[in-house]
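Participant: Spelled out from the first residue to the last, the chains are:
Number of protein chains: 2
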Amino acid sequence: MKPVNVGIIGFGTVGAGTVELLLANKEIITNRTGTDIIIKKIADLDIESDRGVSVDRSLMTTNAMDVINDPDIDVIVELIGGLTKAREVVTGALKNKKHVVTANKALLAEYGKELYETAFNNGVSLSFEASVCGAVPIIGALKNGLAPNRISVIKGILNGTSNYILTRMTKEGLTYDQVVQKAVEMGFAEDPPTLDVNGTDTVHKLTILISLLLGYPVALQSIYREGIVNLTPDDIRFADEFGYRVKLLAVARQRDNGIEARVHPAMIPKDSILARVDDEFNAIYLEGDFVGPSLFYGLGAGRRPTASAVVSDIMGIARAMRLGYRGFMPPLSHFSLQKEVAIHSMKDLHSAYYFRFSAFDSPGVLSMIAGILGEHDISISSVIQKGREQNSSVPIVMLTHEAREKNVIEAVSKINRLDIVSGPTVMVRVEED
Amino acid sequence: MKPVNVGIIGFGTVGAGTVELLLANKEIITNRTGTDIIIKKIADLDIESDRGVSVDRSLMTTNAMDVINDPDIDVIVELIGGLTKAREVVTGALKNKKHVVTANKALLAEYGKELYETAFNNGVSLSFEASVCGAVPIIGALKNGLAPNRISVIKGILNGTSNYILTRMTKEGLTYDQVVQKAVEMGFAEDPPTLDVNGTDTVHKLTILISLLLGYPVALQSIYREGIVNLTPDDIRFADEFGYRVKLLAVARQRDNGIEARVHPAMIPKDSILARVDDEFNAIYLEGDFVGPSLFYGLGAGRRPTASAVVSDIMGIARAMRLGYRGFMPPLSHFSLQKEVAIHSMKDLHSAYYFRFSAFDSPGVLSMIAGILGEHDISISSVIQKGREQNSSVPIVMLTHEAREKNVIEAVSKINRLDIVSGPTVMVRVEED
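So the protein lines, in turn, are chains A and B. This note's numbering applies: residue 1 is where the first sequence begins, and numbers increase by one. This note's numbering applies: residue 434 is where the second sequence begins, and numbers increase by one.
I should point out that these hints are in silico values taken from the structure, not numbers from a laboratory. Treat the hints with care, as some may be off.
Claimed, not checked - The calculated lysine-lysine pairs, modelled on DSBU-like cross-linking and capped at a C-alpha distance of 35 angstroms, are:
| id | chain 1 | residue 1 | chain 2 | residue 2 |
| --- | --- | --- | --- | --- |
| 1 | B | Lys-459 | A | Lys-113 |
| 2 | A | Lys-95 | B | Lys-819 |
| 3 | A | Lys-2 | B | Lys-435 |
| 4 | B | Lys-435 | B | Lys-459 |
| 5 | A | Lys-2 | B | Lys-530 |
| 6 | A | Lys-270 | B | Lys-604 |
| 7 | A | Lys-2 | B | Lys-546 |
| 8 | A | Lys-95 | A | Lys-2 |
| 9 | A | Lys-113 | B | Lys-435 |
| 10 | A | Lys-40 | A | Lys-2 |
| 11 | A | Lys-97 | B | Lys-546 |
| 12 | B | Lys-546 | B | Lys-528 |
| 13 | B | Lys-819 | A | Lys-171 |
| 14 | A | Lys-386 | B | Lys-604 |
| 15 | B | Lys-435 | B | Lys-546 |
| 16 | B | Lys-703 | A | Lys-171 |
| 17 | B | Lys-528 | A | Lys-2 |
| 18 | A | Lys-97 | B | Lys-459 |
| 19 | A | Lys-26 | B | Lys-530 |
| 20 | A | Lys-270 | B | Lys-819 |
| 21 | A | Lys-386 | B | Lys-703 |
| 22 | A | Lys-26 | B | Lys-546 |
| 23 | A | Lys-26 | A | Lys-85 |
| 24 | A | Lys-85 | A | Lys-40 |
| 25 | A | Lys-347 | A | Lys-386 |
| 26 | A | Lys-182 | B | Lys-703 |
| 27 | B | Lys-530 | A | Lys-97 |
| 28 | A | Lys-270 | B | Lys-703 |
| 29 | A | Lys-171 | A | Lys-347 |
| 30 | A | Lys-386 | A | Lys-270 |
| 31 | B | Lys-604 | B | Lys-546 |
| 32 | B | Lys-604 | A | Lys-171 |
| 33 | A | Lys-270 | B | Lys-530 |
To be verified - Quick look at which bits of chain B chain A covers, simulated, 3 or more residues with Cβ under 8 angstroms:
| id | region |
| --- | --- |
| 34 | 558–569 |
| 35 | 723–732 |
By construction, the Cβ of each residue, glycine as well, lies at the ideal position given by its N, Cα and C atoms.
Starting from the given sequences, assemble the full structure and let the hints guide the process.
Facilitator: Listed below in structure tokens is the structure:
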């Protein structure tokens with residue numbers, strides 16, 4: 001059996017993990033693929049540093065084009081990250097009729113449409129299991145095991161850094177800044193972890209999942225995004241009193257003639273299985289019309305978990321080549337493009353809400369706030385009001401029944417302008433089911 | 434594109450669900466497969482009863498051979514269950530060079546080796562996603578997304594009926610008999626649910642998982658089996674006091690030069706994610722050397738979830754046919770058979786244990802029991818002793834540190850023979866990590 005030759009572009013954390021895995025588990029990989037997988041070339045600007053894996057120096061090059069243009073290479077693995085150079089590398093490889101494996105979620109979220117078309121036009125495949133939740137094989141599950149289903153709901157904890165921060169804030173009562181500082185010091189988080197905590201990374205992943213399900217690439221910009229930086233230990237403690245955990249959630253949900261697609265902090269019931277996804281773990285909960293509720297849980301990032309996903313994609317291509325696949329293996333599920341589905345505006349969202357109002361503790365403040373909410377068709381399901389120090393600011397915390405987001409925004413803006421209100425209102429959506 | 438023709442043998446619950454799904458989601462199934470999937474024939478002894486799906490009467494036959502011998506049929510779906518007839522049908526179909534999809538775990542656990550060989554020799558595939566945990570796409574995950582990993586631990590809640598019973602016993606304090614009676618009345622459980630509650634069904638599924646991972650069929654009989662019928666609400670309550678939930682667990686674990694493979698009730702930490710798998714849900718927790726800890730959760734049985742898995746297998750075959758696969762798609766991961774791995778005897782198991790001793794409440798009883806445990810190298814980590822009525826039987830409940838099962842069996846047998854002991858000791862293994 002002819003071996004499958006792989007070229008790796010980008011020899012950073014994941015690149016080194018990929019090489020490590022291909023070498024460490026060579027025997028089972030060959031057994032389970034039915035063919036040898038050979039590392040033919042590795043490109044990186046830095047070919048000097050020690051990555052903790054032993055690689056023949058003659059395989060290394062500083063020129064990505066050496067890899068892309070090598071006629072013996074069947075599969076190109078793009079692990080350089082970023083947009084411009086990665087786009088060039090992936091496009092060049094596809095045009096040279098090489099299968100491509102990538103872990104680059106930003107690239108797929110931004111240029112997915114163009115890259116899928118290039119793959120299609122050149123009769124090669126573009127695989128990206130590692131791009132969403134590293135080690136969690138959710139792409140494969142959607143393309144295969146769950147493929148006959150209409151998926152009506154996805155709820156995901158898709159960013160390990162955010163989840164780690166929220167878990168530490170919950171378990172240790174620390175502030176956001178305290179946890180981030182510690183995480184950066186320990187090398188768990190980038191300094192600053194902007195794209196993780198502001199929801200961008202999660203939006204990239206949700207874009208990929210929705211595109212896969214709908215059968216066409218969805219625009220990144222159409223997904224609402226809100227990060228976790230404004231959450232306080234107080235909010236997390238009040239959530240606990242109400243029976244919730246706070247998570248940075250990606251939500252996609254079929255509604256009438258369109259879908260909701262949004263990323264924001266959300267309160268979820270403490271006893272739900274998703275609430276048990278702690279620390280740096282990721283999970284994707286979904287509901288299909290036949291499959292029912294399902295959950296996939298695992299590590300979303302890191303050298304070894306991400307390498308596992310990358311190598312699983314290489315094995316899939318190698319197996320298909322061995323078995324004589326001809327032509328294109330679709331990266332998306334579409335053959336005839338489906339009709340485009342509208343993504344609802346956030347203003348039309350119906351949700352329950354958590355509010356924390358900062359108000360001066362004067363008589364009538366609760367009734368004034370409740371009055372404004374009532375005028376906007378927002379009904380309160382429970383209230384916590386604590387502290388009774390005259391002329392000082394106290395939190396008034398409440399949960400609402402389901403209300404329309406447009407009304408909520410208007411009501412909160414009106415409340416924030418009241419004299420008795422001392423600071424901006426904190427608002428967190430509640431995902432009950 | 435030439436459509437793929439399917440013949441279904443067995444038109445019971447899952448057969449009807451499969452037809453329902455193929456019809457209800459025809460458009461997305463075609464889109465995601467790239468080819469039409471046509472139901473060409475359906476065989477069942479009963480072709481009269483209404484299954485709630487509308488099928489052209491001319492497709493129905495009472496003779497399975499009509500389906501197997503139809504030259505237009507590409508894929509045979511075996512859903513009759515049981516062993517003898519199913520074996521005949523699957524073998525006949527494979528020999529006629531038809532791909533086979535089955536949900537029959539007993540068949541695979543019993544005759545897997547023979548059937549895989551027949552598939553191999555005839556250059557066709559044998560797919561069985563539905564055989565383990567219905568809607569949970571664990572077979573696909575092991576074959577694809579997790580394929581590069583050495584899996585060191587599997588812990589599974591693989592039987593929905595048992596899990597439903599234990600969940601109700603836990604949440605409502607009911608006895609085993611009370612829950613079973615209710616479940617049978619409501620149509621949730623078979624009457625009696627013998628194969629579910631005595632661990633047989635779970636052993637079948639574990640056999641399939643281990644065979645897939647090791648790369649060769651493992652003998653069903655080599656897996657230790659113990660059911661849930663002797664568990665009492667007392668044990669579940671004491672487990673709760675110690676911080677555990679009781680689950681019927683399938684465990685496979687790499688140890689030295691062999692593996693542990695066992696099915697029995699086990700206490701698992703309340704705050705573990707597996708402990709949150711309640712009611713009729715199934716879950717598989719596993720650890721791989723690169724992927725780290727992962728969990729797959731969903732419905733393990735039922736008309737629609739099982740149909741989802743069956744149809745996903747049909748789609749996989751149809752897609753491969755469309756893309757020009759030639760030859761055999763391996764049901765197992767082996768190409769060269771791996772060396773057989775020893776399955777350890779239960780006597781060599783090292784585990785922590787929960788004991789409930791029924792003893793007469795006389796002075797010195799605890800010291801007598803503790804003495805025997807100590808003689809057998811079993812050290813106690815905590816004890817609950819309640820009630821102090823002279824001459825009546827009271828439970829003495831304890832947890833041990835890790836001990837050797839051989840010693841535990843000897844010690845318990847010695848304790849059961851003591852005059853101060855009024856009934857057999859209950860023993861439940863504790864799975865701490």
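Participant: Against which earlier hints does the structure fall short, listed by number upward?
Facilitator: 2, 11, 31, 33
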